[in-house]
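K.L.:
What follows is the residue order along each chain.
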Amino acid sequence: MSFPLLTATAALPALGAVATAAVPAARRTAAKWLALVVSLATLALAITVLIRFDPGGDRYQLTESHAWIADFGVRYELGVDGIAVALLALTALLIPFIILAGWNDADPLETGSRRWRPTQGFFALILAVEAMVVISFEATDVFLFYIFFEAMLIPMYFLIGGFGDRAHEHGEAAASTQRSYAAVKFLLYNLVGGLIMLAAVIGLYVVAGNFSLQEIAQARANGSLHMVTGTERWLFLGFFFAFAVKAPLWPLHTWLPNAMQESTAPVAVLITAVVDKVGTFAMLRFCLQLFPEASKWATPVILVLALISIVYGALLAVGQRDIKRLVAYASISHFGFIVMGIFAMTSQGQSGATLYMVNHGISTAALMLVAGFLISRRGSRLIADYGGVQKVAPVLAGTFLIGGLATLSLPGLAPFVSEFLVLVGTFTRYPVIGVIATFGIVLAALYTLVLYQRTMTGPVKPEVSAMPDLRVRELVVVGPLIVLLILLGVYPKPVTDIVDPAVRQTMSDVHTTDPKPEVEAAK
Amino acid sequence: MDNLIALLIAAPLLGAAVLLVGGRRLDAVGHWIGTLLSTTSFVLGLVLFAGLLGKDAENRTLTQHLWTWIPVGGFQADVTFRLDQLSMTFVLLITGVGSLIHLYSVGYMEHDERRRRFFGYLNLFLAAMLLLVLADNYLLLYVGWEGVGLASYLLIGFWQHKPSAATAAKKAFLVNRVGDMGLSIAIMLMFTTFGSFAFGPVLSHTGDTSEGRLTAIGLMLLLAACGKSAQVPLQSWLGDAMEGPTPVSALIHAATMVTAGVYLIVRSGAIFNAAPDAQLAVTVVGAVTLIFGAIVGCAKDDIKKALAGSTMSQIGYMVLAAGLGPIGYVFAIMHLVTHGFFKAGLFLGAGSVMHGMNDEVDMRKYGALRTYMPITFVTFGLGYLAIIGFPFLSGFYSKDAIIEAAFAKGGTQGWILGGVALLGAAITAFYMTRVMLMTFFGEKRWQPDAQGHEPHPHESPKTMTIPMIVLAVGSVFAGFFFHLGDRFLHWLEPVTGHSEGDSPIGATTITGATLVCLVVGVGIAWARYGRKPVPVVAPRGSLLTRAARRDLLQDDFNHVVLVRGGEHLTRSLVYVDHTLVDGVVNGTAAGVGGLSGRLRRVQNGFARSYAVSMFGGAALLVAATLLMRAV
Amino acid sequence: MNPVNYLYLAALLFTIGATGVLIRRNAIVVFMCVELMLNACNLAFVVFSRMHGNLDGQIIAFFTMVVAAAEVVVGLAIIVSLFRTRHSASVDDASLMKL
Amino acid sequence: MSATAVHSLWTTAADPISKIDTPKIEYGQLAPTLIVLGAALAGVLVEAFVPRRSRYYAQVFVSVVSLCAAFAAVVALAANGYGTTKAHIAAMGAIAVDGPSLFLQGTILLAGLVGLFTFAERRLDPEAHGNRVDSFAAQAASVPGSDSEKAAVRAGFTTTEVFPLLLFAIAGMLVFPSANDLLTLFVALEVFSLPLYLLCALARRKRLMSQEAAVKYFLLGAFASAFTLFGIALLYGYAGSMSYGRIAQVVDGTVTGVDPALAGTMGNDALLLIGSAMIVMGLLFKVGAVPFHMWTPDVYQGAPTPVTGFMAAATKVAAFGALLRLLYVVLPGLRWDWRPVMWAVAVITMLGGAIVAITQTDIKRLLAYSSIAHAGFILAGVIATSKDGVSSVLFYLAGYSFVTIGAFAVVTLVRDAGGEATHLSKWAGLGRRSPLVAAVFAVFLLAFAGIPLTSGFAGKFAVFKAAADGGAAPLVVVGVISSAIAAFFYIRVIVLMFFSEPRPEGPTVAVPSPLTMAAIGVGVAVTLVLGVAPQYFLDLANQASVFVR
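Chains as they are written, first to last, in the working numbering: chain S, 30 to 552; chain L, 3 to 633; chain Z, 5 to 103; chain D, 861 to 1409.
This is chain S alone, in the form it adopts within the complex (with noise of 0.2 Å):
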């Protein structure tokens, strides 16, 4: 048997959170050093995953199966595909960004008890986090993916209520008991969603008696396996409602500005980059393939909600006061564009929208963790309270456009590349809703140009007058996820090259083709 590569790459950061968690109270920055070192380790790993991965090989490769639960019909089965693949990549090289990023929030304010640990407890559940997140990208069981897909709710949950901004405008009180709020938020919409996706697992065992996707979507795929029409729209919705909540859809949205408002900036990333990312990664290996007829009939549906999402996200993204919650909703509309692709069945969309994902992260990591540089700073998340900054730290301020940029998708940076295949995979078979979704770019550029005017232009206001530029640290967080935004922006075809062949066969899953060019058709 062949070292399990997978297992492995999940294993680790498991164990790495283990350990971290396990550091005496005195000795903090040797966890943090420990969580940095694992979740590089981690990177490596996912690295060699994807040298490993060959493009042209099977669907799934580097498959393990285990027995586990039989009675359950619950295989430990991984293997990934290239939309996997560069998911899995993407969260192994984030972590160590954001660890770095986090490097000091969780720095005890007062101490507890003498085994009040929050720095071991931040870092060892940034990195259960990561080890359930590769996990639910690697199973291709329904089951495992199901139990990871919820456990990491419960890591996410104290990342998110446990540790947030130093500063708040209405004192430590009110800062924490909003946390808790948000927290809350997070893991009973999440849950909900999750519990909803239980019982159509339930089902969903009901009607194929296993949970092995590749035997359910064989066995789908050559009818041996008839799903009545009813009962596959109720499945498909039970696990797409799952799926939305995380993604997150309009209108199961609102967790997710409490959640990024109140949590440090990366812990913010780390939901948003990383976690929902799984919610979208499930439509499209899940929903898609167990349930292609239902997900062609809720289509239409779908992408309305997804075209709401955009539009909707971007405008209430004009209206924010905070930064935070900004950004959130700014990641709400790229949701949006990210189903929308899914959704649109075309080839174009589908690896758009995977192209997307990654890039999404990339680039809200980006923005994300400079924003949280300058929170830091100031100890303020409102827009109000900036003015000026690029005159007194104008690397910052840089590093910020750039990743403001981004998230409007400028051409040449990464997220173009995904926003336009997703336009045009949509457009293709369905003008009007590609069309209004364009809207979405000037919209974005709205709300982005706004963010940097308020805060970086204009007048220094006397209280960011000494604010310091960035630091070594802070550099070295920015600067290589900025070097890939352009890298991906000008050459995303390694990714694409690696997407593609995942890609059609989903599209085949669902059987559908891309529609022909009028012109091409017509000879």
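In short, the hints are calculated from the structure, not lab data. Predicted model, so just to flag it, every value in this text is computed and none were measured. Each residue gets a CB set at the ideal place from its N, CA and C atoms; glycine is no exception. There may be inaccurate statements among the hints.
[Said to hold, decoys possible] Just a few of them, taken from the derived set where beta-carbon distance is under 10 Å, the chain S residues facing chain D: (1) F177; (2) R208; (3) Y520; (4) K522; (5) P523.
[What the hints assert, rightly or not] As a list, the in silico DSBU-like pairs of lysine-lysine whose alpha-carbon atoms are at most 35 Å apart: (6) L:K367 x S:K490; (7) L:K446 x L:K367; (8) L:K464 x S:K420.
Chain S is fixed; fit chains L, Z and D onto it per the hints.
P.N.:
Relative to the frame of chain S, chains L, Z and D by itself:
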């Protein structure tokens, strides 16, 4: 030689990267690096130009494939460059005028502590514009297109500490984005229609599809062009863009940015040729903007804004010409080139004046500057003569050709368009004469600036005057040079195609009419501003004047409808999100909580009531069981 | 006499006992009502035993008595300790815990 | 009825007496019960003869040894195939030795053992006059606050009787799910109920509440027993037998239960239906299903916490075992009648428990309502009427009981001057003061909430799967909804512990002896093992899911 094309772009791009990433270490030499790399690009352009001239007219298209950019299914975007006569023309204009502006900026920005960054942005601007004109497909063009938007954003807002500059920059970007939306929809339409968006497949298959689709594509391209070229209704950013340093205005108005729209329309000629409705829309937009810009130019007291109005109007000419189809394409480009010379010269001159006048921009506070700044006066004067179409200067040839082409459109349309073009010529003469008179003639109306410094007008340093002189030479001779033996026509014809229209009136008559308009315009201006002293405080003016001062109320319209409306919309959506979307969930939670509170009271602590509940439950259980049997 | 009538009697006694539990306040009385219900059951057992012609029912009756006796022991202990603490045997007084 | 018929009744009734055989008792197969019962009696003797000073140790020793021995006996029986191939009915039809009984007996014994640890804990309360004290009253007979009580405390009295009481209760519970006739069922019910009534009254602190709990539990319990008994009488009247197998046959119609002569009056389904409904009601009372649940919160709150933990776990196991056997062995022929009714009960139990729990402010009451909701979930598995249903319920009960005991054990640790600090507001910021205790409690809460990787999830999944397979999909949906509601209050507690600022006058967390630590540790271990690698236990439950008839 093909491989040099990429270097054209690479040189300024490298400059931008080095200058922006390099940091303070490069402060001392940054401006020279920038100028050098821009000039390098110009030299490369000349080399390529020489190479092209050495080939047959039919084989003057070079392509360079660098790498496959986005390959997804049928969607294939390549990074491929295409250098033909049309792009060559632009390359030379962009790098030539651009390099001169770089040189000029060395002096103009000397005292700005962020000069290095300014040059970085300038280089970025050139690179983006070169990418735009060299791209072989619309998507790559789009990259340059938005790159230009970004660079203009950075440059217009260069003095970010001024809120007005930051706002103007944002506005420019946003309005441009609206146009960009058009371009991206156009690309999507092309993809669904032709399965490609490279110039070759798209432009050679226009005959295979319906006119309706082509019209849609054309209109979307027009929307894009309106954004970049500041055509009505997306012209509003141009005036505000004057917040940027003057070299930036020169660059935007002469060599880059606003010309992009004209390039796009001319480049997509094949589509417009097959979609007459779209063409008509182009001409209408051009004609309206022509007059609109001219009127605005008449009312502005800010020298740069007056020039901005003029740009709008002149681009209107070009768009009008481009809308005329093959009759006009060549002349549109020709006017674009000559305009590049004289408008750059005018702006640099204006910058020179401001440089000497403590950055004062209000022409009412100028006057009698001709003796203090002789070089500026002469170069500005030559540019002035060129733009009003003074015979045998460059503007004369290009504008005259457009007016002829407009008449040649034929029918009522021809008369209307020709008439508008003529009227525009007259107004141009009026407002440019006004600018000239208010700035260089009359009495001194100088005022101390906000800090109380009296202005001491003086001639600008050599780095500034040399570019002005060079541009003045271009303004004088370029038109004649192009016109001689229809050189320009023959040069461009293989790309754009050309057809002679049959004008209802003779060419000589039109030229005569143009000259009459010119004299009338100059005369009225002289009567109003040359003979009488110019008041320092602007008179209230007529309704039209007041409207024109406010950009014909378009900003007010935008403010009321878009800004206010948008604010209301977002605010109400924030409310909706909070109360409705969130409220439903919170309401459900509260409902369950309330139910819980009520049910809780059943548990009243009395054992006997518990027993009642049990007894009742037992009774129900029994009854239900019996009932089940009965049913 | 038809043994079924004894069944009716048993049911009646049971109902009376149950009603007593529901309406009486004194814990001892309540408890006695429970005992009455048990005895109603006993009656039923015996009647059924008689009707079926086997002895099971009668044997059960004995068991029930033993169980009832045990219940009395436990019950009285609890009730008495409650009474000594509160000086009241009202079940309604014992309502510290609610909601 | 003719006179001869009546006469023949008399004579035939008299005959069998002469034929009474010596009862054949399979002592080996009843060993678990007998060991515990014997130990309980030994405990009584210990109480009588061992000096006060060493009674505690003697009692703990006897109890631990007996429970371990009984568990070993269960394991031995199972290993010898009594759970599967050799399953049969022992003790002349009174006791069924089969898979479900052995599984549940094993569970009860382990739960009892862990519960015993919490009973024996003597380090939590501060020492009174140099004597270590446990959670039970110094002298139950003394009036709270009286001089005699003070004297008893001063003298270092402890109520070591709790150990034999516990053993008696366990013995009853062992019999309850394996009872194979109605009489045994009733006797077992009383045998385990009576000691529990007493145990409830024995709290050291808050004795008023403890006594009140006992009174309520006792009166309502007796009331419910009476119903059960009447139900038994009716069923006996219907079938003419107490034996499960015999009644089932009568229900199926394979045997006529009644003399044809009596059929007109007696062979009446009304007897069957009313009788079984009343028995089921008695069992539903024990499991705490709505609307028979109202004793649960009060008793759980008032009883000494170790007792609550034990009771919540073991009673539920025993009662569900009995319910399963009753419904699956005796009344399968009636399932079209009882299924809809049980559907309704399950639905209102799940929803009722979850909804009312939301607004609770006392941690013990909260857990009580949570146990009600869980009873609803388990009922969903019961309703499946399939082998899967049985095994899922068995699995759920095994997982649930350890979580419950563990959770209540944690509750005993959080104390202030008045003993256990059970008001939720006092738990604020516990995560800051004692991260470990809070984390452990959070694990239990997450298991209650059914978060994956805990036993709660595996159990819930098993039960819902069985229900969905059995055609009860709507029940699954309701279950999911009430899970969501339930999640809300579990999360509320977690929020309180971790995200609220600790109060300055907040409670302290006592450091327990290894006994409670073991109880909590076992709880956590079982929760995680059953959550992560449940297959072995699912197999076990699967093998054990066939009832003998």
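K.L.:
All the hints need checking, so say for each whether the structure fits it.
P.N.:
Here is what the structure says about each hint:
Hint status for S:F177: holds, given a least beta-carbon distance of 7 Å to chain D, under 10 Å. Satisfaction of the interface hint for S:R208 is found here, the shortest Cβ-Cβ separation to chain D being roughly 6 Å, below the 10 Å cut-off. A cut of 10 Å between beta carbons decides the hint on S:Y520: the least distance to chain D is about 40 Å, and the hint is violated. Restraint check, S:K522 versus chain D: the minimum CB separation of about 38 Å is more than 10 Å; hint violated.
The beta carbon of S:P523 comes no nearer than 35 Å to any beta carbon in chain D, farther than 10 Å, and the hint placing it at the interface is violated. Taken as a hint, the L:K367 and S:K490 pair is honoured in the structure, with Cα atoms around 33 Å apart against an allowance of 35 Å. Distance check on the hinted pair: L:K446 and L:K367 sit about 8 Å apart at the alpha-carbon level, within 35 Å; holds. Pair hint L:K464 plus S:K420 holds up; C-alpha atoms about 31 Å apart against a cutoff of 35 Å.
Hints 3, 4, 5 from the earlier list are contradicted by this structure; the remaining hints agree with it.
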